[in-house]
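Note that numbering that gives the first Met the number 0 gives residue 39 to position 40 of the sequence shown, counting from 1, and the numbers run on in steps of one.
FYI, nobody ran anything at the bench for these hints, they're computed from the structure. Please read these numbers as outputs of a predicted model, since none were measured by experiment. Don't take every hint at face value.
No more than 30 Å apart at the CA atoms, straight line, and that leaves these computed lysine-lysine pairs for BS3-like [said to hold, decoys possible]:
{"id": "1", "residue 1": "K239", "residue 2": "K215"}
{"id": "2", "residue 1": "K386", "residue 2": "K342"}
{"id": "3", "residue 1": "K239", "residue 2": "K30"}
{"id": "4", "residue 1": "K386", "residue 2": "K231"}
{"id": "5", "residue 1": "K72", "residue 2": "K36"}
{"id": "6", "residue 1": "K130", "residue 2": "K215"}
{"id": "7", "residue 1": "K182", "residue 2": "K218"}
{"id": "8", "residue 1": "K231", "residue 2": "K218"}
{"id": "9", "residue 1": "K67", "residue 2": "K36"}
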Amino acid sequence: MDLPPLYRIRQRFDVTTVADVAAAVRDEFSKFDWRDKIRPGQSVAVGVGSRGTHDLRVLAASTVACLKSRGLKPFVIPAMGSHGGGTAEGQAQVLAELGITRETVGAPIVSSMDVASLGRSDSGAEVYFAKDALDADHIVVINRVKPHTAFRAEVESGLCKILAVGCGRQKGAANMHRYELGKTIVPAARLIMQQASVLCGLAVTENALGGIHSLKLAKPEEFPALDSEFLKTAWTLLPKLPVEDLDILLVDEMGKNVSGAGMDPNVIGFWRREGGPRRPDYRILIVLDLTPHSHGNATGIGMADLTTRRVVDRIDWEATYLNAFTSGVLRSARMPIPVENDKLAVETALYRTPNPGGIRMVRIVNTGELESFWATAAVASELKAQKNITVDDVACELKFSHDGRLLSMID
Numbered sequence: 000m001d002l003p004p005l006y007r008i009r010q011r012f013d014v015t016t017v018a019d020v021a022a023a024v025r026d027e028f029s030k031f032d033w034r035d036k037i038r039p040g041q042s043v044a045v046g047v048g049s050r051g052t053h054d055l056r057v058l059a060a061s062t063v064a065c066l067k068s069r070g071l072k073p074f075v076i077p078a079m080g081s082h083g084g085g086t087a088e089g090q091a092q093v094l095a096e097l098g099i100t101r102e103t104v105g106a107p108i109v110s111s112m113d114v115a116s117l118g119r120s121d122s123g124a125e126v127y128f129a130k131d132a133l134d135a136d137h138i139v140v141i142n143r144v145k146p147h148t149a150f151r152a153e154v155e156s157g158l159c160k161i162l163a164v165g166c167g168r169q170k171g172a173a174n175m176h177r178y179e180l181g182k183t184i185v186p187a188a189r190l191i192m193q194q195a196s197v198l199c200g201l202a203v204t205e206n207a208l209g210g211i212h213s214l215k216l217a218k219p220e221e222f223p224a225l226d227s228e229f230l231k232t233a234w235t236l237l238p239k240l241p242v243e244d245l246d247i248l249l250v251d252e253m254g255k256n257v258s259g260a261g262m263d264p265n266v267i268g269f270w271r272r273e274g275g276p277r278r279p280d281y282r283i284l285i286v287l288d289l290t291p292h293s294h295g296n297a298t299g300i301g302m303a304d305l306t307t308r309r310v311v312d313r314i315d316w317e318a319t320y321l322n323a324f325t326s327g328v329l330r331s332a333r334m335p336i337p338v339e340n341d342k343l344a345v346e347t348a349l350y351r352t353p354n355p356g357g358i359r360m361v362r363i364v365n366t367g368e369l370e371s372f373w374a375t376a377a378v379a380s381e382l383k384a385q386k387n388i389t390v391d392d393v394a395c396e397l398k399f400s401h402d403g404r405l406l407s408m409i410d
């Protein structure tokens, strides 16, 4: 079968970046009002999530250093719900792979799945919270603020969510997801603030290339307002494909380090995860690989139409099902049609396209890397006139290895 050539497309995004992240964190802590809040020698649980936030190690290490400079004794806890297979060992490993170890951040890593119930929030949800954090004198959380992959609300992913869901570990996260998250996480976070000594939270936003765009240290009572403010900023920075209609979207890789949903529904279409209008309308979605950092957790694979035997062989179904059950999005663990290799996957999708000569196809590395992508002539010709987009004049051919694996098109 003849395969269509692809043109490289480059998008220009707002790449405003915090030049010195460590210095910015120190500056935020220097402005914080510590009066009557702390005493030397007190312990502080620092909650760190599983998302691959840019400079997460620097954010965590700088936070630890600032706390230690005030005579406090910080330790780091995983704040990641059911991730890492829902085990203490798995969550510590996730942090280590993100560069968060005792040696790199200057504080012990304390990983446990033990939680305690704090009662019910105003939304009716029972709230569970990390027991080791409750046993500490104070709690600090670090999180990226961004649009969530499963709901729309005034407050989505951010400081409130890492308190209400991440620090609830597997049991708490699963219980939170039984309710409508958009109406549950803020009341749950407020209940936690009433019953635990939450000292502060460090919120960050990222630009389209994953760099730290902005950061701010907030008092607990400021969490909802800061989450809302930073969410508006995050929406303006969110990278997307500049095309609404495709026959085929070819995704080189998906994974938990790319998006909590494996692939960001805000890029591939919210309808693939939650239903609703087909906007954008990418009719056939192919996933070719699962990132090693996912450790077999293929949650989100259910949003694809076609995948490869390689992906199937890498899936840890127990971890995938646990994540799907915890999130409440059971369809995220459904299996798309698996084919033997990348070449056959592309050919199968092309066969299903009624107009191969005018095929509208885009290839991306993953949903988090959209500065460059590749598109067929039908798409490329439309994009040439768009602002902040450059289209290469020379097309590239899709090339495969002897065993049918699609080769990279990156120089």
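- request: Sort out whether K30 lies within 30 Å of K239, counting only the CA atoms.
  value: Outside the cut-off at roughly 36 Å; violated.
task: Starting from K386, check that the Cα of K342 is at most 30 Å away, please.
output: 34 Å, violated
message: With the threshold set at 30 Å, check whether the alpha-carbon distance from K239 to K215 stays at or below it.
response: The hint holds at about 25 Å.
- prompt: Hey, K130 versus K215, does the alpha-carbon distance stay inside 30 Å?
  reply: Satisfied, since the Cα-Cα distance of roughly 27 Å is no more than 30 Å.
query: When you check the alpha-carbon spacing of K231 and K218, does it fall within 30 Å?
result: With Cα atoms ~20 Å apart, K231 and K218 stay inside 30 Å; holds.
Holds or violated: K182 to K218, with C-alpha atoms at most 30 Å apart: Answer holds: K182 to K218 is near 21 Å, not above 30 Å.
Restraint status (C-alpha distance of K386 to K231 at most 30 Å): It holds: about 22 Å lies between the C-alpha atoms, which stays within 30 Å.
- prompt: K67 and K36: Cα distance at most 30 Å?
  reply: At roughly 15 Å apart (the allowed maximum being 30 Å), K36 and K67 satisfy the hint.
query: Has the given pair, K72 with K36, been kept, meaning a C-alpha gap of at most 30 Å?
result: 14 Å, holds
When held up to the earlier numbered hints, the structure conflicts with 2 and 3 and fits the remainder.
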